[in-house]
Structure formats: structure tokens, C-alpha cells
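Novice: Those protein sequences? They're chains A and B, same order as listed.
Under the numbering used here, the first residue of the first sequence carries the number 3, and numbering increases by one thereafter.
Under the numbering used here, the first residue of the second sequence carries the number -19, and numbering increases by one thereafter.
A few of these clues could be false.
[Stated by the list, open to error] Beta-carbon label-pair distances, calculated as ranges: (1) GLY36/B x ASP118/A: 50 to 56 Å; (2) ILE(-13)/B x PRO50/A: 28 to 34 Å; (3) ARG(-7)/B x LEU94/A: 49 to 55 Å; (4) GLY72/B x GLU161/A: 23 to 29 Å; (5) LEU91/B x LEU94/A: 46 to 52 Å; (6) VAL69/B x SER84/A: 50 to 56 Å.
Derived by calculation from the structure, the hints in this document are not laboratory data.
We put the CB at the ideal spot given by N, CA and C, even for glycine.
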Amino acid sequence: MVLIQIFLVFTIIAALIAVEAPSPLSSIISLGAVGFGLSIAFLWLGAPDIAITQVVVEIITLVILIRATIGKGVTEVRGNESKPLLIGSLILFGLGSAFFANYLSAFPEFGKTAMDVPMDVFSETPSQYYLKFGLEKVGGANVVNDILLDFRAYDTLGEATVLFTAVLGAITLLNKEVFFGKGGEK
Amino acid sequence: MTGMSPIVKTVTRWVSPFILAFGIYIALTGHLTPGGGFPGGVIVAGCFILITLAYGKERVEGIFDLKSASVTDSLASLSFLCMGLLGYVFGGGFLNNFIQSGFPGKAFELLSGGNMPIINIAIGFKVGGSLFVVFAYLALFRAIEEE
Chain A
3 MVLIQIFLVF
13 TIIAALIAVE
23 APSPLSSIIS
33 LGAVGFGLSI
43 AFLWLGAPDI
53 AITQVVVEII
63 TLVILIRATI
73 GKGVTEVRGN
83 ESKPLLIGSL
93 ILFGLGSAFF
103 ANYLSAFPEF
113 GKTAMDVPMD
123 VFSETPSQYY
133 LKFGLEKVGG
143 ANVVNDILLD
153 FRAYDTLGEA
163 TVLFTAVLGA
173 ITLLNKEVFF
183 GKGGEK
Chain B
-19 MTGMSPIVKT
-9 VTRWVSPFIL
1 AFGIYIALTG
11 HLTPGGGFPG
21 GVIVAGCFIL
31 ITLAYGKERV
41 EGIFDLKSAS
51 VTDSLASLSF
61 LCMGLLGYVF
71 GGGFLNNFIQ
81 SGFPGKAFEL
91 LSGGNMPIIN
101 IAIGFKVGGS
111 LFVVFAYLAL
121 FRAIEEE
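Isolated chain B, as found in the complex:
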């Protein structure tokens, strides 16, 4: 995989930061506007997939390669579970919204909803990581087969 034509590369260079920012925005404000962790994570994964397709595998290596994506996937799943267990410890039930009952934020503001934003971020990392793992494996698989 050496990449695509200069037109695609230039467009990717201009567009990919905005895609990344939009994905992070969608995941961060999931409790206020339509969106959430799942679509945000998919958009972030799509940004990295776009860069991989346009520039080749070497470009994303070291930033978000197969290993770091799988580590992200596993750590995010674990942090979701940890939020549930913390709810058990502090709130009296698994996945209890203990932050909202302890420090209720002001409604319609970014810091509201208790542990919803945290879980949203965890789901975003999880979905982004796992989708990128699937893509990277399929690309790798193809590259091995073509040799």
C-alpha cells in the first residue's frame, strides 16, 4: 500500500483534521445533542481509515497502528466496566449514576449528566479502536495475500 493520487492526498490532508474534530465533538456532547459515543468513535475511526487509504499503512504507524488500537479497545472496555463497578461502590448499584447524585451539574451544560460523558468517551474510544482493528486486519490480510 503506497497510497493514492496527489489529488486524494491533498484533499485528505485538508479534510482529515475536521473529521477528527467532528468525531470528538459528537462523542463529547452526546448527552446534549444528537450523537453519542458510538457515532463519534466510528467517525474518529473513519478519519484514520481515510488517512490509511490515502497515504498507505506507513503514515499511521506509530500514531494509531494495530497494537495501539487494540490496547485502546481493551482499555476503553475496561474503563466502562470500572465505571459500573464504581457505581456499585459509591451509588449502591451496578452502573449507578453516582456522580449525578453526588455533584449534580447544571442542565444543558457540558459538565452535566453525571458519568454519562465519561461513559460516552469510553464507548467512543472502544468503538473507534475496534473498528480500526477490523480495518487494519483486513488491509493486512490482503497485503499478505497479494505477496
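In isolation and in its complexed conformation, chain A is listed as follows:
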């Protein structure tokens, strides 16, 4: 367990450096350190599926970020907090806290996850149910993908939707021709 804590401290330090670094290149490299630290932690915890995904996504993100930012003028956004913005974010924060406090009673007890609480539908807790009947009911030997693609397929569909929307947003923001016509920015 000590090794995981060391890696987590390393990850947190790398994340702080990524936020505070002066140049974009060092920020991106620290971001890569965050990702690889997390993937080693996942591997150590016995989740090779997540570790593979994390490593691969980290590499591609690094390439894309370096391709997109290096050699470009960086616009720094600093010190533009206006008063209405502050008031609005305070109101939103208060609303969020109120909703959170309202639904806090519905959460399972501290230290227990929702997967460990017995439900009416299953004769046992959901996590044990998935492990026991994954191979029998879904037929896949890899229980993680059994859960991702059958028991929790809605989540995977939502994930695909999120990715689709993110790509749409990126294209719309980057494509100047959509907004300014063929000649570029007016």
C-alpha cells in the first residue's frame, strides 16, 4: 500500500506543477506524468483494463496537445474576475451545496460503496452478483467487459455520447470557416 501512496503523492505533485508551470511544454509533460502515475496505480490495484486505456489515451493526448500548442502564441488569462461573475458563481455554488445536502441522506453509509449494499432485485449485493453471474449470463470471459457492455451498457452508451459531443464541440470551435466564411477570420 505504501507504493500506491508514493505514486499518488507523485501524481498530485505533477498535477500541481502542470497547473503552475510557466511554459505550455512543461505543463503538458507534467500532465503526462499525472497520467502515467495514475496508470501504474491502476495496474498495481489489479485493473489492467483501465491501465491499458489510461496509457494509450495518455499517449494520444500528449501527441495531440503538443501538436496543438507548441510553437503558438499563448494567450494568458489572468485577473479578469468581475463582480457579477463572482456573485453568479457563489449563487451556483450555494445551489449545488443545497442539492448535495438534500440528497446526502440517500447515499450509502460512509466507507461502503453502493455496490456493497444489498438490493431488492438481486439476492445479494450487486458487485457479488456481477462476479458470480457474469460468465453465465453474458458469456464473456472478461468480467470487466461483461459489466461495461451488458450490465452497465447504458453507461457505455453515455460515454460514447460524451465523446461524440466533445468532438462536435472541438470541430465547431476550431473550424473558422463555419463562422467566418471561407476567408478566415473577418
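Given chain A, work out where chain B should sit, using these hints.
Specialist: Frame of chain A, contents of chain B only:
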């Protein structure tokens, strides 16, 4: 974008088929071994990104360019949704695993898991297509800005 040095080009020429095959393997056997559609699709997209970076944009044009990547992305999302709707028609619930209840395959074999392999392939195409679209747009954006 005209490409990089001959060393990078040669290494890319040797390595890229293996990367592509590994990505397809990871996506196809997601229901048997660690992996799945998401990492497989990202690896396939990484192969094409590597070729684009090493050889320039012209090399992948006609094979996997911006338009075909976005078409792949949309078609794969639609096929995932269609699998869900087919589960509604044949299995009685959205995203129901109707193939497994109809024709249960032998466990630990490639043709098992009902519609899991199909959804895995769809997710692989989807993720690969969308990541390549993002990369191609950023490369294009930069190329326009440099002119």
C-alpha cells in the same frame, strides 16, 4: 506538413502494421482478455496519427482522412444505438443481450458473449474515428495558421 527524417519514416514503415494489428486484436478480443473497444480504437487511431506525423497529411489522404473518419465515427455510434434497439425488438429491453440468450456461444472462445464483440467493434471504430478527427482538425488548424 512534408514529414520527418528518413529514420522516422523507416521505423514508422516497419512498426505501423504491427500497431494496427495489435489495436484490432485488442478490440476484437475485448470480451476474453483485458482490453476492449476503447483502447483498441485509440491504438488504431494512434497508428494513423503516427503515419500522418511521419509522412505528412498527403499519405493518409484517401485511406483515412477527415471525411471518412467523421463518417466512421457517426456510423459506429449509430450501429451501437441500433444494437440497443435490436435488443428492444428481440430481447424485450433496450441494449438487451439478445444474441447470448438466443445462440449462447461456448465460453472462452472468440464467438461468445452474444452482442459484446459487435458492440466492442462499434466502440473501437467510434473512438478511433473521433480521436483521428480531433487530431486532423488540430493539424489542419495549425497548417492554416502557419500560412
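Novice: Each hint: holds or not?
Specialist: Here is how each hint holds up against the structure:
1. GLY36/B x ASP118/A: 50 to 56 Å: Holds - the Cβ-Cβ distance for GLY36/B and ASP118/A, about 54 Å, lies within 50 to 56 Å.
2. ILE(-13)/B x PRO50/A: 28 to 34 Å: holds, 33 Å
3. ARG(-7)/B x LEU94/A: 49 to 55 Å: Check passed, 53 Å falls within 49 to 55 Å.
4. GLY72/B x GLU161/A: 23 to 29 Å: Given range 23 to 29 Å: holds, Cβ gap about 24 Å.
5. LEU91/B x LEU94/A: 46 to 52 Å: holds, 51 Å
6. VAL69/B x SER84/A: 50 to 56 Å: At 54 Å between Cβs, range holds.
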